[in-house]
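Protein chains: 4
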Amino acid sequence: MVDVGVLGATGMVGQRFIELLDKHPEFEIKVLTASPRSEGKRYEEAAKWYLQSKMPESVKDIKVVGTDPSKVGDVDILFSALPADIAAKVEPKFAEKYVVASNASAMRMEPDVPLVIPEVNPDFLDLIEVQQKKRGWDGFIVTNPNCTTIALTLTLKPIHDQYTINRVYVATMQAVSGAGYNGVPSMAIIDNIIPYIGGEEEKIETETLHLLGELEEDKVIPAQFGISASCHRVPVLDGHTEAVFIELEEDFEINDIKRIMDEFQGIPQKLELPSAPEKPIIVREDEDRPQPRMDRDESNGMAVTVGRLRRDAAFENSLRYVLVGHNTIRGAAGASILNAELINEIIF
Amino acid sequence: MVDVGVLGATGMVGQRFIELLDKHPEFEIKVLTASPRSEGKRYEEAAKWYLQSKMPESVKDIKVVGTDPSKVGDVDILFSALPADIAAKVEPKFAEKYVVASNASAMRMEPDVPLVIPEVNPDFLDLIEVQQKKRGWDGFIVTNPNCTTIALTLTLKPIHDQYTINRVYVATMQAVSGAGYNGVPSMAIIDNIIPYIGGEEEKIETETLHLLGELEEDKVIPAQFGISASCHRVPVLDGHTEAVFIELEEDFEINDIKRIMDEFQGIPQKLELPSAPEKPIIVREDEDRPQPRMDRDESNGMAVTVGRLRRDAAFENSLRYVLVGHNTIRGAAGASILNAELINEIIF
Amino acid sequence: MVDVGVLGATGMVGQRFIELLDKHPEFEIKVLTASPRSEGKRYEEAAKWYLQSKMPESVKDIKVVGTDPSKVGDVDILFSALPADIAAKVEPKFAEKYVVASNASAMRMEPDVPLVIPEVNPDFLDLIEVQQKKRGWDGFIVTNPNCTTIALTLTLKPIHDQYTINRVYVATMQAVSGAGYNGVPSMAIIDNIIPYIGGEEEKIETETLHLLGELEEDKVIPAQFGISASCHRVPVLDGHTEAVFIELEEDFEINDIKRIMDEFQGIPQKLELPSAPEKPIIVREDEDRPQPRMDRDESNGMAVTVGRLRRDAAFENSLRYVLVGHNTIRGAAGASILNAELINEIIF
Amino acid sequence: MVDVGVLGATGMVGQRFIELLDKHPEFEIKVLTASPRSEGKRYEEAAKWYLQSKMPESVKDIKVVGTDPSKVGDVDILFSALPADIAAKVEPKFAEKYVVASNASAMRMEPDVPLVIPEVNPDFLDLIEVQQKKRGWDGFIVTNPNCTTIALTLTLKPIHDQYTINRVYVATMQAVSGAGYNGVPSMAIIDNIIPYIGGEEEKIETETLHLLGELEEDKVIPAQFGISASCHRVPVLDGHTEAVFIELEEDFEINDIKRIMDEFQGIPQKLELPSAPEKPIIVREDEDRPQPRMDRDESNGMAVTVGRLRRDAAFENSLRYVLVGHNTIRGAAGASILNAELINEIIF
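Chains as they are written, first to last, in our numbering: chain A, 33 to 380; chain B, 33 to 380; chain C, 33 to 380; chain D, 33 to 380.
It is worth saying that the hints were derived from the structure and are not from the lab.
What you are looking at is a predicted structure, and each value in this text was computed from that prediction instead of being measured.
Wrong hints could be hidden among the right ones.
Heads up, the list lumps identical chains together, so a pair's fine if it works in one copy or across two of them.
Keeping only pairs whose Cα atoms sit at most 20 Å apart, straight-line, the calculated SDA-like set for lysine to any residue is [what the hints assert, rightly or not]:
1. LYS80 - GLY215
2. LYS80 - ILE229
3. LYS55 - GLU89
4. LYS80 - ASP318
5. LYS235 - LEU341
6. LYS80 - GLU317
7. LYS55 - TRP81
8. LYS235 - ASP320
9. LYS311 - SER85
10. LYS121 - SER102
11. LYS80 - TYR228
12. LYS86 - ARG316
13. LYS73 - LYS103
14. LYS80 - ARG316
15. LYS166 - LYS251
16. LYS235 - ALA345
17. LYS86 - LYS311
18. LYS86 - ASP318
19. LYS80 - ASN214
20. LYS235 - LEU351
21. LYS86 - ASP329
22. LYS86 - ASN332
Throw the hints in and build the complete structure from the sequences for me.
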C-alpha cells in the first residue's frame with residue numbers, strides 16, 4: 033500500500049478524496065491537513081460531512097494537521113484539494129519532497145508541470161523529469177484540469193485523433209457543488225441561472241487545447257483549433273452538463289463518431305487502473321439523455337455520458353452533442369486519483 | 033375599444049393573455065373559449081389560476097364557450113393559445129370571419145401567413161392581403177414565433193441590420209412554464225436538466241431565418257446564414273436564458289454592438305403601442321446578468337435583457353452574449369398582443 | 033426461490049419493487065403486469081426508467097402482461113403497486129389464487145385484511161386465516177400502510193410499548209415522488225409548498241391507531257389516543273420528513289426515549305429477514321438532522337432516522353422530534369417486500 | 033415628511049426597508065448605514081441588489097455612512113436591519129437621540145422595550161415613556177417580533193380575543209431568505225429540508241405569549257397558554273408557511289373562527305396607516321392554499337393568508353390551519369415600518 037495524504041481535507045473536494053480513497057486497493061490515507069482552526073482536532077470533529085455517503089470510519093480518528101510540509105510525515109503522495117491561492121504558495125514546498133497530485137488550478141499552466149488526463153495525454157508525465165531537474169525537487173507536482181475541461185476533453189479526444197477539429201463552441205450548465213459547499217447561496221440559484229463563473233471560460237479554452245496538444249521535447253505545443261465557451265451555473269447539485277458544437281475539417285458519418293466515442297480506451301483501461309471506468313465515454317441513444325441527476329454517477333462518477341449526438345445541418349462537417357460528467361469525481365478528486373494511480377503504475 | 037376573445041383560455045398561455053388584456057387600453061375581453069369540459073362554466077369555475085397575479089375580476093363571470101367559430105359571437109380579434117394540433121384544425125375556420133392573432137405553431141410557416149415580431153419584420157403583415165385573397169377569408173391569421181426564437185431574433189435584428197451574420201450558435205436554458213402547467217413533472221427536473229425539447233431546435237433554426245428574411249412580392253426569402261441550436265430544460269419557473277455565439281463577416285467594435293442593441297427601436301416604439309417596451313433590448317454591464325428570476329419581468333416582461341456581451345477571441349469577427357426573455361409574456365401572449373396592437377393601429 | 037410478480041410494474045413504486053427484488057436472495061421476478069398499452073412489450077420498451085439506479089438486466093426482456101389473474105401464470109407472491117381504484121377491483125380476484133402483498137390503500141381497512149408493519153404488529157397476520165375462511169380464497173391479501181404512516185408508526189411503537197400516549201400531532205413535509213412520477217408538476221412546486229395531499233391526513237390518523245391496536249379474536253381494536261396530522265408537499269425528490277409532537281400520560285426521561293428507540297427491534301431483526309434494517313430507528317444527535325436528502329437512504333432506505341429528540345417544556349410529559357423515512361422504499365415497495373419476507377418465513 | 037435612515041442598509045432586510053420606503057407618503061430616506069467596508073461609497077456601489085424589484089433611483093447616490101450615532105445627522109427615525117449582536121451594542125446608543133424602529137432580536141425581550149405588532153398590542157407603546165424615563169434617553173427603541181412569530185400571532189389574536197386558548201402546536205416551513213442572502217448554501221437545501229433554525233423555536237414560544245399578554249403598569253404579563261414549535265428550512269425563496277394546531281377551552285363553530293379572522297381589524301386599519309393591509313388576515317377556502325409562492329405577496333406582502341381552517345376531530349375543541357406570511361415584508365421590514373407609522377400617527 034502507498035501511504036497518502038489529503039491537503040485541504042475538510043472541504044467539498046477534500047471529502048470526495050476521502051470518500052474515493054476509502055477502501056482503495058493501493059492507497060491508504062495516513063494524513064489529513066486543513067486550515068489552522070481545524071488543526072489538532074479529530075477529523076470527525078473538524079469536518080462537517082457534506083456527502084450523501086457516510087464519513088468513512090477509517091478517517092474519523094485521524095488527527096488533522098496544518099497544511100505544512102513539516103507536518104505530514106512519511107507519506108508518498110499528497111492529494112491537493114487546496115484553493116488556488118493557497119495551492120500556489122504551498123504546493124511547491126510540498127513538491128520538494130512529496131508527490132503532489134493536485135486538483136488546484138494554481139500550477140496547471142506552468143510549462144514544466146504535467147496537466148494530465150490519463151486517457152488523453154499520459155505522455156505529458158515525461159515533464160516530471162524536466163520539472164524535477166529544473167526545480168531541484170525530490171518530489172513533483174502533477175495536475176488535473178478544471179472539472180468542465182476534463183469532461184469536454186475526454187469527448188473531444190477520440191474525434192481529435194481521427195479528424196481535424198476546426199471549431200468548438202461549448203455552453204456549460206454547471207452544478208453548484210463546483211463552487212464549494214458555501215459557494216452558491218440558495219437565494220442566488222433557486223428558480224434562477226447565473227450566467228457567469230469567474231475564470232471558467234478561460235480555463236476551458238486554455239486547458240483543452242493544452243491537453244490535446246503535443247509534448248515536444250520539454251514543452252507543450254497546444255492544439256490549434258478555436259474553442260469558445262459560455263459558462264452558466266444552474267440549480268443542480270452535482271454533474272456538469274455541456275452543450276457542444278463542433279466543426280470538423282473533413283466530412284464524417286455520425287455513426288462513426290458514436291463508434292469512436294464508444295470504443296475509446298486509454299491507458300487507464302489498458303492497465304486496468306483501480307479507478308478507471310470500463311468505458312471513459314458512455315454513448316446514449318435516448319433522445320432526452322444525458323441528464324445530470326440520472327447520469328452523473330455512471331461508472332462511479334468516472335465516465336462521461338454523451339447523448340444527442342447529431343449532425344449540425346446548419347454548417348458543413350458539423351456535429352452537436354450534450355455531455356454530463358460528475359464535476360467533483362471525474363472532474364476533481366477522481367481525476368487526481370487516476371493520475372496518481374497511473375504514476376504509481378508506471379513511475380514508482 | 034376593440035372586442036376580443038381568447039381561444040384556449042384556461043391554460044398557462046391563455047391565462048397570460050387574460051392577465052395582459054385586463055385593463056388594456058384598446059382591447060376588451062368579451063369571450064373565452066376552452067375544451068368541452070369547461071363549456072358553460074363561469075371562467076372562475078373552469079380555470080385553476082396559475083399565475084402569481086390574481087385572476088382579474090372582469091373575467092370571473094364570463095361564461096366559457098367551446099372553441100368553435102359559431103360560438104364566439106361579435107368580436108374582432110381572437111387571441112389563440114391553442115395547442116398546435118387543435119390550432120391546425122380550427123384557426124382556419126375562425127379566420128374565415130375573425131382576425132386571429134395566434135401563438136400556436138401550426139400556421140407559422142404557411143407561406144401566406146405572416147409570422148411577425150413587430151420590431152423586426154412588421155412589413156410581413158402585407159401577407160394578410162395575399163392570405164385573404166388566396167383563401168377567400170374575411171378575417172386572417174397572424175402568428176408570432178416560438179418563445180425562444182422571439183428573444184433571440186430581437187437581439188439579432190440590430191446586428192443583422194448593420195453587419196453580415198455568418199454563423200449563430202445558441203444553447204438555450206428554458207423555463208418549465210414553456211411546456212405548459214403540467215408539462216414538466218417535478219420528478220423530472222428537480223436537481224436536473226433535460227437536454228431535449230421536442231421540435232424546439234428546428235423552430236429556432238427555421239423561424240429565425242424566416243423572420244430576418246425579406247418579403248419579396250408574396251413570399252418570404254429567408255435570411256441566409258447558418259444557425260444551430262441546442263435546447264435544454266432547466267429548473268426555472270419563467271424566463272428563457274440563451275447563450276449566443278455569433279460570427280460576423282466584418283470586423284466590429286464590441287461597443288458598437290452594445291450601442292446598436294441599446295438604441296434599437298422598432299415600429300412599436302415609434303407608434304407607442306400600449307404593450308411596447310420602451311427599449312426592446314436592455315443591455316446590462318454587470319458580469320453576472322442577465323438572470324431569469326431577476327430579469328424576466330423587465331419592462332413588464334416585454335423586453336429582452338442582454339449581458340456578457342464580449343468578443344470571442346477564438347474566432348475572427350466573433351462575439352458572444354447571454355440573453356433572458358420572458359417566455360410566456362414576450363415569448364407568447366405578449367407577442368400576440370403586440371401583433372394585434374400593430375394591426376389595430378395600421379390596418380383597422 | 034419463490035417466484036413473484038409485480039402488478040403495476042411500470043410506475044414509480046413498481047420500479048422500486050423491481051429495483052429491490054433484483055438480486056433478492058429469496059424472491060425471483062417472473063411476471064410483470066401493466067396497463068393494456070404496455071401489454072406484450074418487453075419491459076425495457078414498456079417502461080421509462082425513473083430511478084437513478086439502472087434498470088436491472090434481469091427484467092429487460094420480460095414480456096409485460098395485463099393485470100389479470102389469468103395472465104400471471106405460476107407464481108407465489110404478487111406485489112401490488114396498483115392505483116387504489118384498480119387495486120380495489122382486481123386485488124380480490126388475484127387473492128383467490130395468489131398471495132398479494134399490496135402497497136395499495138384499497139383494502140387496508142378491510143376488517144379481515146392484515147395491515148402490517150413487521151416490526152410493529154406481525155401478529156395481525158393471523159387475520160389471513162380469517163380472511164381465507166370468510167372469502168373462500170386460496171390466496172390472501174396482506175397490505176402495508178401509507179408511506180407517512182409507516183415512518184411515524186415505527187417511531188411511535190417503542191414509546192407506545194412503554195408509555196401511555198395521550199396525544200400525537202404531526203406535520204409532514206412530503207417528497208414529490210409520493211404522488212407518482214407525473215403527480216406534481218414542476219410549476220406547482222418549485223419555490224413553493226402545497227399544504228394539501230388528498231386523503232393523506234385521514235390515512236395517517238386511521239392507519240396509525242389501527243397498527244398500534246390489538247387483534248382481538250378476528251378483529252382489530254384500534255389504539256385509543258388522539259392523533260392529528262397536517263400534510264404538506266415540498267420540493268424534495270424522495271424522503272418524507274415529519275415533525276412530531278407527543279404528550280404522554282407519564283413522566284419520562286428524554287434519554288430513555290432515545291434509548292428505547294435506538295434499541296428497538298422487531299421480528300424482522302430477530303429473524304434476520306433479508307430486507308430488515310439492522311436498526312429500524314436510527315437516532316441522531318446532530319442538531320440539524322435528519323434531512324431527507326442526507327438520511328433517506330439510511331440502511332438501504334429501510335430505516336427511519338429520528339433527530340431533534342427533545343422535551344417539550346410547554347406541556348407536561350411532552351416531547352418532540354423530527355423523522356425522515358424513504359417514502360417509496362420503507363414507505364412503499366420495501367414495506368410490501370418485508371411483509372412478504374415475513375410471510376415466507378413464518379407461513380409458507 | 034419625516035426624515036428616516038436605515039441601519040444595516042446593504043443586507044437583505046436593509047434592502048426590503050429601502051424598497052418599502054421608496055415613494056412612502058410619510059417617510060423619506062436621508063441616511064443609510066453599513067459596515068466599515070461600505071463607508072463612503074455611493075449606495076449603488078456599496079450594495080449588490082438582491083430583490084426582483086429594481087434599486088430605487090432615490091438611494092443610488094446616497095453616500096453610505098458607518099453605523100454610528102455621530103454619523104447619521106438630522107433624521108427622526110432609524111430603521112434597524114442590524115444583526116442581533118451589533119444591534120445589542122449600537123441600538124441603545126442611537127436611542128439616546130433617535131427613534132429606533134428595530135427588526136433585530138437584541139432588545140425585544142427587554143422589559144421596557146415595546147415589542148409590538150400594531151394590530152395586536154399597540155398599547156405596549158406606552159412602555160416608551162417608561163423606557164425613556166428609566167434610561168434617560170431622548171429617543172427610544174421599539175421592536176417588532178421575529179418573522180415567524182408575527183404571522184402566527186396575527187392569526188392567534190382574533191381567536192385569543194374571543195376564546196381561551198389552551199394549546200398551540202406549530203410546525204414551520206421557512207424560506208431561505210430568512211437566513212439572509214448568504215445564510216443557506218444551495219448545497220444544503222436543494223432537494224432537502226433542514227429541520228433546525230437556531231433560536232427560532234424559543235423566539236416563537238416566548239414572543240408570541242409576550243405579544244398576546246397584558247401590559248400592567250410598566251411591565252408585560254405574558255399570555256398563559258402553552259405553545260410548542262418545530263422549525264424547518266425549506267427550498268422556498270420567500271414566504272414562511274406554518275401548520276398550526278390549536279386547542280381551545282370552549283367549544284366553537286369553525287365558521288365563527290373563519291369569520292373573526294376575516295373580520296379582524298386593528299388600529300392600523302382604523303387609522304388607515306400607509307402600509308396597513310386592508311385585511312390583516314386573508315381567509316381562503318381553496319383546499320390547497322395558502323402556498324408561499326402564490327400568497328406571499330398578498331396585500332403587498334403585509335397580509336397573512338390562512339387556509340385549510342378545519343376542526344381537529346382528534347381532540348376536543350380543537351382546530352387546525354395553515355398560514356403563509358411574507359417573512360421579509362410583514363415579518364421584518366414592513367413590520368418595523370408599520371410600527372413607525374403608528375408612532376408617527378399617535379406619538380409624534
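Violated hints, by number in ascending order, as checked against the structure: Violated hints: none at all, because every hint is consistent with the structure.
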